[in-house]
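Trainee: Sequences and hints are given; from them, build the entire structure.
To get my numbering, take the position in the sequence shown, counting from 1, and add 301.
Hint data in this document are derived by calculation from the structure and do not stem from the laboratory.
Bear in mind that the values here come from a model prediction, so they are computed numbers and not experimental data.
All C-beta atoms in this analysis are idealised placements derived from N, C-alpha and C, irrespective of residue type, glycine included.
If a hint is listed, it holds; no wrong ones were tucked in.
Computed cross-link-like contacts, DSSO-like style, restricted to lysine-lysine with a CA-CA straight-line distance of at most 27 Å:
id, residue 1, residue 2
1, Lys619, Lys771
2, Lys337, Lys364
3, Lys386, Lys476
Computed beta-carbon distance windows for the label pairs:
id, residue 1, residue 2, range
4, Glu478, Ala430, 22 to 30 Å
5, Gly575, Pro448, 30 to 38 Å
6, Ser345, Phe405, 21 to 29 Å
7, Ala330, Gly716, 52 to 60 Å
8, Asn682, Pro485, 24 to 32 Å
9, Ala605, Gly505, 43 to 51 Å
10, Glu731, Pro594, 39 to 47 Å
11, Asp593, Thr441, 21 to 29 Å
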Amino acid sequence: MTLKAPVFDQPHVPDAFEDGLLPISALNAPVLVTFKVWDNPSTSETYQLLWNEVPIGNSEFIKPEDQPGDPLELYVPLDQLIEGKYQLAYRVTDTFSEEFTDSFASPVEIDTTAPGYPTTLAPLDFPPAVSDGLTSEELTQLGDVLPGTVHGYSGFAIGDRIRTFWGATEGPGGKVEEDDMEEPRKVIIEYPRAFLESLDDFNGPVFYTVTDRAGNSSQDSTAIDVLLLLNGLPLPGDLQRPTIRGASPEAVDNLIDENDFERDARAVITWNPGLREGQDIQLLWAGQPMFDPPYAITEGDVAAARDLHLPVLNSRFKPLGTGSDIRVWYSVTQAGNPNASRSPEQSIIVRSHDELPGGPAGPDAPLFTELNENGAINTANGQDGAPVHIVPYFNIKAGDVIHFLYEGFDQLIGGNPTNQWPHTSAPLTEEQVRDGYDLRVPRTVLDATCYGHAEASFHVDSVTGTGRSKRRSAYLDMRVAGRCPSAFSQ
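Mentor: Encoded structure:
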């Protein structure tokens, strides 16, 4: 017999996906294969399937009524449907001359292996805050979204669908995309606050399953026990910002000027009807507690239901230095409740005649030096990270230490925090005193923010005290083809 060069079109498998993968639901019966009658057919010609170039199934004759373009059907026998990759074609043979011609081949893949096999899927990987129970405050610090990471497993492939379960309740899921195939391979599932709070006081196993494109389903992953402590805030509802007042009669709210920098201040807490006797209030000034011990709500406070005027000792806030954007807030806690109610931040100005870094107003904000024409960082100018320059500030000295902070937010204006990146300099050299200090925010940090805006600030520790800079904002868009990079956070 003589083989001629292919002239016939590829066969088609209706049940297969575009790339030739057969779903396992199609493997319970012979698989249909179709192709069209060729030009000038003859009843002396037969056609038969080729499976990796080996003839399989029945050989059929062209019938007198078969016309060019009419559909022909053959079947891949059930005993050939074994896991593997195949080239499917068909052979047309002239029974008189015994010459035959093979068609062009179509790829077919059969996958019957469950994702993760033969090992058990690893548990979901949550942030450390989950290990001893996730509180409302901890979830707030995570941007009100709890990330759970599914790390790469055996058979990890594009199109795998991940379903997660919190006990018997199905949670948000995910799908393996092309970007997830880069090392380290992983898929991040996000659990928003609304979903987590709907679980009430959940305390139980969290696990996931994976189903691949062929329809193979994994066993349940190893479970991780999670305790949610999100509900039952000591003080439900929205709290008011605190007001900070200097000691001078002419003091302006939220301004500690050079005349009041050496004196005690007051924090005014707007009375909230939800406050109860025995609850504790702590005032945080630049992240540092002002009350030792926290102020305990008394029976008299509840009866009076008036705003609280609480003294803030100079010895506590003065060492924290000056600045034009110092954040102050308060929290309310209650014995036996792991959650804390937290007020919004109040921005205050603190000034002094002292020789602090940056002088009374604090150092100028750091500069993002390679923004595009729209004042933004993107994948082009942020390919190698974002360079930042801190210009020499008033009272700069060799030996000063700069504590820089990058903060990412999920909106172009405002929004929720997504990630932070702190950087501490070595003691400044004489050259840096003259020229300023340079640093670079890593690309991975920018990718973790992905889309929104970034705020940069720093404070300086010096022999003369601490100075806090103004804030600098820049738009951020590290998306590629509209999708965020696979990196999540530092």
